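Colleague: Let the hints inform the model, and build the full structure from the sequences given.
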Amino acid sequence: MTCLPPLEVSSSRPKPFSATQSFPGRYASLAKIGDFVRDIAQNSGFQDFAIYSIEMAVDEACSNIIEHAYEGEDKGQIRCSCLVESGVLTITLEDTGHPFNFSQAPIPNLSDNLDDREAHGLGLYFIRRWMDEVYFETSDEGNTLIMIKRKVNG
Amino acid sequence: MTCLPPLEVSSSRPKPFSATQSFPGRYASLAKIGDFVRDIAQNSGFQDFAIYSIEMAVDEACSNIIEHAYEGEDKGQIRCSCLVESGVLTITLEDTGHPFNFSQAPIPNLSDNLDDREAHGLGLYFIRRWMDEVYFETSDEGNTLIMIKRKVNG
Amino acid sequence: MEISITPYKHSDLVTAKGRVDSYTAPQLSESFNGITDAGRYKIAFDMSGLDFLSSAGLRVLINTQKTCKRYNRGELVLVNIPENIYAALDLAGFIPLFKIFDDVLTAVGSL
Amino acid sequence: MEISITPYKHSDLVTAKGRVDSYTAPQLSESFNGITDAGRYKIAFDMSGLDFLSSAGLRVLINTQKTCKRYNRGELVLVNIPENIYAALDLAGFIPLFKIFDDVLTAVGSL
Ligand SMILES: Nc1ncnc2c1ncn2[C@@H]1O[C@H](COP(=O)(O)OP(=O)(O)O)[C@@H](O)[C@H]1O
Ligand SMILES: Nc1ncnc2c1ncn2[C@@H]1O[C@H](COP(=O)(O)OP(=O)(O)O)[C@@H](O)[C@H]1O
Numbered sequence: 001m002t003c004l005p006p007l008e009v010s011s012s013r014p015k016p017f018s019a020t021q022s023f024p025g026r027y028a029s030l031a032k033i034g035d036f037v038r039d040i041a042q043n044s045g046f047q048d049f050a051i052y053s054i055e056m057a058v059d060e061a062c063s064n065i066i067e068h069a070y071e072g073e074d075k076g077q078i079r080c081s082c083l084v085e086s087g088v089l090t091i092t093l094e095d096t097g098h099p100f101n102f103s104q105a106p107i108p109n110l111s112d113n114l115d116d117r118e119a120h121g122l123g124l125y126f127i128r129r130w131m132d133e134v135y136f137e138t139s140d141e142g143n144t145l146i147m148i149k150r151k152v153n154g
Numbered sequence: 001m002t003c004l005p006p007l008e009v010s011s012s013r014p015k016p017f018s019a020t021q022s023f024p025g026r027y028a029s030l031a032k033i034g035d036f037v038r039d040i041a042q043n044s045g046f047q048d049f050a051i052y053s054i055e056m057a058v059d060e061a062c063s064n065i066i067e068h069a070y071e072g073e074d075k076g077q078i079r080c081s082c083l084v085e086s087g088v089l090t091i092t093l094e095d096t097g098h099p100f101n102f103s104q105a106p107i108p109n110l111s112d113n114l115d116d117r118e119a120h121g122l123g124l125y126f127i128r129r130w131m132d133e134v135y136f137e138t139s140d141e142g143n144t145l146i147m148i149k150r151k152v153n154g
Numbered sequence: 001m002e003i004s005i006t007p008y009k010h011s012d013l014v015t016a017k018g019r020v021d022s023y024t025a026p027q028l029s030e031s032f033n034g035i036t037d038a039g040r041y042k043i044a045f046d047m048s049g050l051d052f053l054s055s056a057g058l059r060v061l062i063n064t065q066k067t068c069k070r071y072n073r074g075e076l077v078l079v080n081i082p083e084n085i086y087a088a089l090d091l092a093g094f095i096p097l098f099k100i101f102d103d104v105l106t107a108v109g110s111l
Numbered sequence: 001m002e003i004s005i006t007p008y009k010h011s012d013l014v015t016a017k018g019r020v021d022s023y024t025a026p027q028l029s030e031s032f033n034g035i036t037d038a039g040r041y042k043i044a045f046d047m048s049g050l051d052f053l054s055s056a057g058l059r060v061l062i063n064t065q066k067t068c069k070r071y072n073r074g075e076l077v078l079v080n081i082p083e084n085i086y087a088a089l090d091l092a093g094f095i096p097l098f099k100i101f102d103d104v105l106t107a108v109g110s111l
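Residue numbers (our numbering), protein chains in the order written: chain A, 1 to 154; chain B, 1 to 154; chain C, 1 to 111; chain D, 1 to 111.
It is possible that some hints are incorrect.
[To be verified] No farther apart than 27 Å at their CA atoms in a straight line, the calculated lysine-lysine pairs in the DSS-like style are these:
1. D/Lys9 with C/Lys42
2. D/Lys69 with D/Lys9
3. C/Lys42 with D/Lys42
4. C/Lys69 with D/Lys9
5. A/Lys15 with A/Lys32
6. B/Lys75 with B/Lys151
7. C/Lys17 with C/Lys66
8. D/Lys99 with C/Lys42
9. D/Lys17 with B/Lys32
10. C/Lys66 with C/Lys99
11. D/Lys69 with D/Lys17
12. D/Lys66 with C/Lys17
13. A/Lys75 with A/Lys32
14. B/Lys15 with B/Lys32
15. C/Lys69 with D/Lys99
16. D/Lys17 with D/Lys66
17. C/Lys9 with C/Lys99
18. D/Lys9 with C/Lys99
19. D/Lys99 with C/Lys9
20. D/Lys99 with D/Lys66
21. C/Lys66 with D/Lys9
22. C/Lys17 with C/Lys99
23. A/Lys32 with C/Lys17
24. B/Lys15 with B/Lys151
25. C/Lys99 with D/Lys42
26. D/Lys9 with D/Lys66
27. D/Lys66 with C/Lys9
28. C/Lys9 with D/Lys9
29. C/Lys66 with C/Lys9
30. C/Lys42 with C/Lys17
31. C/Lys42 with C/Lys9
32. C/Lys17 with C/Lys69
[To be verified] To list a few chain C residues with every Cβ distance to chain A over 10 Å, as calculated:
33. Ile5
34. Asn33
35. Ser54
36. Arg59
Hints are computed from structural coordinates only; laboratory data are not their basis. All values reported here derive from a predicted model rather than from experimental measurement. Glycine residues also receive a C-beta, built at the ideal position from the N, C-alpha and C atoms.
Modeller: The structure is reproduced here in structure tokens:
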């Protein structure tokens with residue numbers, strides 16, 4: 001009888017992990033969606049600031065779904081899927097609200113003159129700057145936002 | 001062979017202890033005189049606030065010696081003797097300055113109206129209120145102030 | 001989110017703990033508006049207890065700063081900004097728009 | 001004794017550490033006079049680091065309070081008074097003459 005070595009557990013290439021959850025499209029869901037993605041990012045070994053960036057991007061995207069795609073609370077669900085594979089987190093957010101041309105959203109005014117500053121328009125900017133890749137698709141069934149974040153040194 | 005019990009050590013009646021030190025009559029001596037009496041009071045088991053009261057009374061008395069008995073710095077010495085016996089601390093302060101009628105010093109104005117308050121006159125009041133007994137003698141050789149503080153519970 | 005307000009002679013200290021997102025930002029906004037509506041425009045915002053601040057929170061900060069600074073009446077200053085939230089303020093270009101302090105005493109003392 | 005002075009917008013915070021007696025009280029007095037001579041009459045005195053305060057120190061406090069309160073210009077408030085020193089202030093009847101605070105922020109914020 002031979003003794004096999006224990007199955008190798010590599011921290012850089014663990015088994016792919018995925019989780020999906022649907023949330024009611026209301027602002028009170030935001031903290032729960034935040035918990036959901038934060039836990040996954042934490043357990044996948046992302047660094048503190050990367051975890052914060054991910055939570056922020058998801059929060060901004062979900063706020064936009066409620067405010068702009070559904071134009072109000074309790075008009076539909078937000079479906080959130082996370083896939084972690086080879087140190088890459090892919091987050092997919094799906095809604096059944098109004099279509100939207102993501103790529104034509106304007107860049108916000110970041111002037112350091114207070115009077116020139118608009119209070120609105122920062123959400124998409126955070127998503128674009130803090131995520132590594134962002135894709136948006138509108139179809140008859142609704143909108144799909146895909147955000148990808150790669151682990152650094154991971 | 002019999003075993004004798006260890007010699008009894010009673011904290012309430014230790015051996016009498018005394019110490020004397022002379023200090024130049026200048027304000028810079030006050031901290032050193034304070035250290036001298038505070039150490040003795042601490043080692044004799046006085047409680048924190050009693051130790052503070054003793055340091056305060058001694059500081060006030062020595063300040064008066066410099067300011068009033070000597071009318072200035074470096075006119076003479078201040079001799080400080082401490083005797084601890086049966087939980088009673090007796091502090092004797094001797095100077096060779098002007099004579100003084102201690103018992104006729106006025107009671108300070110303690111009005112709670114700021115305009116009525118004098119900045120001066122609190123030193124003797126602290127000595128009288130915080131020490132248990134106070135004696136003052138003037139002779140040809142100078143003045144002697146004796147202050148007695150008794151340990152509470154001890 | 002928990003909010004507390006401490007009024008001082010010349011200024012008010014607002015302390016918030018927890019998560020500021022689109023759900024809770026209206027509460028924060030109401031707290032600031034309560035102060036400015038009372039004619040008080042010098043506000044220190046202690047952020048040390050904040051875990052998260054979304055762009056909805058940033059909106060509240062910029063709107064409050066505009067109200068406070070109008071006619072040179074006062075200002076909103078930020079205190080004890082957690083690192084991650086500082087990065088968000090920085091990316092949003094907020095750093096030049098607010099005085100930032102490391103401790104509440106210096107912040108309140110400056111107002 | 002060590003003294004530090006922190007100027008705020010409406011007041012100054014004076015912090016002293018160590019022993020105030022007839023030797024060191026003139027230093028404390030000069031610090032307060034420097035502030036009031038500059039036309040500033042709202043002073044918070046943080047006493048938390050004081051080991052000892054003789055009647056020479058009490059004199060400085062009462063004289064500074066008189067200067068600050070003259071013509072209703074301001075006041076000296078006391079902060080973080082150590083227990084033994086509080087007993088001395090109490091015996092001297094100083095408690096009604098000064099506002100007393102448990103923390104520097106509330107003291108500075110009150111001025
Ligand atoms: N999911 C969405 N559906 C429809 N419109 C959207 C969506 N997300 C963003 N938008 C549009 O893009 C603009 C910019 O969005 P954002 O940067 O998040 O700022 P804000 O939501 O504060 O306006 C919004 O004002 C809105 O018009
Ligand atoms: N050792 C002394 N020798 C001479 N005069 C003294 C002495 N101690 C006190 N006095 C007189 O008693 C007064 C009250 O003393 P005290 O209560 O210590 O207050 P202060 O020294 O602040 O005036 C002094 O102003 C001084 O006239």
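Colleague: Each of the hints needs a verdict: does it hold here or not?
Modeller: Status of the hints after comparison with the structure:
no., hint, result
1, D/Lys9 with C/Lys42, "12 Å, holds"
2, D/Lys69 with D/Lys9, "19 Å, holds"
3, C/Lys42 with D/Lys42, "19 Å, holds"
4, C/Lys69 with D/Lys9, "17 Å, holds"
5, A/Lys15 with A/Lys32, "25 Å, holds"
6, B/Lys75 with B/Lys151, "35 Å, violated"
7, C/Lys17 with C/Lys66, "23 Å, holds"
8, D/Lys99 with C/Lys42, "24 Å, holds"
9, D/Lys17 with B/Lys32, "17 Å, holds"
10, C/Lys66 with C/Lys99, "14 Å, holds"
11, D/Lys69 with D/Lys17, "25 Å, holds"
12, D/Lys66 with C/Lys17, "43 Å, violated"
13, A/Lys75 with A/Lys32, "18 Å, holds"
14, B/Lys15 with B/Lys32, "25 Å, holds"
15, C/Lys69 with D/Lys99, "33 Å, violated"
16, D/Lys17 with D/Lys66, "23 Å, holds"
17, C/Lys9 with C/Lys99, "20 Å, holds"
18, D/Lys9 with C/Lys99, "14 Å, holds"
19, D/Lys99 with C/Lys9, "14 Å, holds"
20, D/Lys99 with D/Lys66, "14 Å, holds"
21, C/Lys66 with D/Lys9, "22 Å, holds"
22, C/Lys17 with C/Lys99, "20 Å, holds"
23, A/Lys32 with C/Lys17, "17 Å, holds"
24, B/Lys15 with B/Lys151, "15 Å, holds"
25, C/Lys99 with D/Lys42, "24 Å, holds"
26, D/Lys9 with D/Lys66, "22 Å, holds"
27, D/Lys66 with C/Lys9, "22 Å, holds"
28, C/Lys9 with D/Lys9, "12 Å, holds"
29, C/Lys66 with C/Lys9, "22 Å, holds"
30, C/Lys42 with C/Lys17, "20 Å, holds"
31, C/Lys42 with C/Lys9, "10 Å, holds"
32, C/Lys17 with C/Lys69, "25 Å, holds"
33, Ile5, "22 Å, holds"
34, Asn33, "14 Å, holds"
35, Ser54, "5 Å, violated"
36, Arg59, "4 Å, violated"
Hint compliance for this structure: hints 6, 12, 15, 35 and 36 are not met, and every other hint is.
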